[in-house]
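Chemist: Note that the protein sequences, when read in sequence, are chains E and V. Here my numbering is used: the first residue of the first sequence is 750, the next is one more, and so on. Here my numbering is used: the first residue of the second sequence is 16, the next is one more, and so on.
These are computed hints drawn from the structure, not numbers from a lab. Note that the structure is a prediction, hence the values are computed from the model and not measured. Don't take every hint at face value.
Some but not every residue of chain V turned toward chain E, in silico, with C-beta under 8 Å [to be verified]:
1) 28
2) 36
3) 39
4) 41
5) 42
6) 44
7) 55
8) 59
9) 62
10) 66
11) 67
12) 74
13) 84
14) 92
All residues carry an ideal CB built from backbone N, CA and C; glycine is no exception.
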Amino acid sequence: METLINIILLTFLAIIAIAITRIRHLLVTVVLTGMFSLLSASLLVSMDAVDVAFTEAAVGAGISTLLFLSVLALTSTEELAGNRKFSSIAFILVSITGAILIYGTLDIPKFGDPSAPVHHHIAERFIYESPDEIGVPNMVTSVLASYRGYDTLGETTVILTAGIGVLLLLGRGKQDKETD
Amino acid sequence: MFAAAMIAILLAMFMSLCRALLGPTLYDRLLAVNVLGTITVLFIAVFGFLTGRPEFLDIGLAYALINFIATIAVLKFFEYRDMGRATEEELDI
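Model the full structure from these sequences, guided by the hints.
Modeler: Okay, here's the thing in structure tokens:
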């Protein structure tokens with residue numbers, strides 16, 4: 750049943766993707782990308798990745814639609830008629846790239862495979878040893894704050910930088926007023 | 016039971032997809048996206064019960080909110096032709 754649902758959703762996604770490339774009216778394209786995000790969020794939910802699905806829906810269907818519409822308000826809503834001739838070089842390049850990508854997935858363990866390396870390599874050590882090694886009862890906390898502490902430090906630095914950037918951009922008007 | 020509901024949801028998804036692709040006006044397509052957002056909420060709810068793990072039911076609420084934001088943004092675009100800009104007072108610095 751789940752496989753069938755996944756196949757149907759992927760078919761819908763393919764139909765929308767083809768339609769997006771064919772339609773010239775940009776507002777319709779924005780609407781269709783919103784649909785694409787909602788459908789791929791459904792697909793991710795059915796693959797048990799609810800957190801990823803949620804991000805996809807919030808960013809893809811929510812914020813991206815807003816940003817696209819803001820851009821369309823500044824420009825035209827009709828795509829210019831460009832060169833639409835069939836280019837065989839581009840077609841061959843895209844086909845080769847797609848084939849390489851599919852070839853790359855052949856080595857990946859099957860979806861939901863319990864013998865995949867990710868479930869055996871270090872996960873067991875985290876589960877059994879982390880209370881003794883780190884001394885924190887919560888497994889997730891010990892992984893986040895100790896085993897991959899440098900990674901977390903880098904992430905928080907990125908978020909801090911982004912926050913400072915947003916504050917500088919948004920708070921500029923007010924500061925100018927005060928200095929005047 | 017839930018399988019029948021899931022089939023109905025997938026059919027509804029397909030129909031809203033057809034409406035979004037065929038048009039004929041832009042408003043039909045907008046309505047199709049809004050309907051698809053609602054169907055996504057239903058999908059999450061039914062899928063949870065179908066697979067016997069309805070823990071993620073609450074996430075549907077947040078999807079409903081996201082759907083609302085997108086619709087408001089599009090309607091605002093039609094009403095004002097932009098996403099809002101600084102008022103005279105704010106520009107007067």
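Chemist: Indicate, hint by hint, whether the structure satisfies it.
Modeler: Hints and how they fare:
no.: 1; hint: 28; in the structure: holds, 6 Å
no.: 2; hint: 36; in the structure: holds, 5 Å
no.: 3; hint: 39; in the structure: violated, 11 Å
no.: 4; hint: 41; in the structure: holds, 6 Å
no.: 5; hint: 42; in the structure: violated, 10 Å
no.: 6; hint: 44; in the structure: holds, 5 Å
no.: 7; hint: 55; in the structure: holds, 5 Å
no.: 8; hint: 59; in the structure: holds, 5 Å
no.: 9; hint: 62; in the structure: holds, 6 Å
no.: 10; hint: 66; in the structure: holds, 7 Å
no.: 11; hint: 67; in the structure: violated, 12 Å
no.: 12; hint: 74; in the structure: holds, 6 Å
no.: 13; hint: 84; in the structure: holds, 5 Å
no.: 14; hint: 92; in the structure: holds, 5 Å
Checked against the numbered hints listed earlier, the structure breaks hints 3, 5, 11; every other hint is satisfied.
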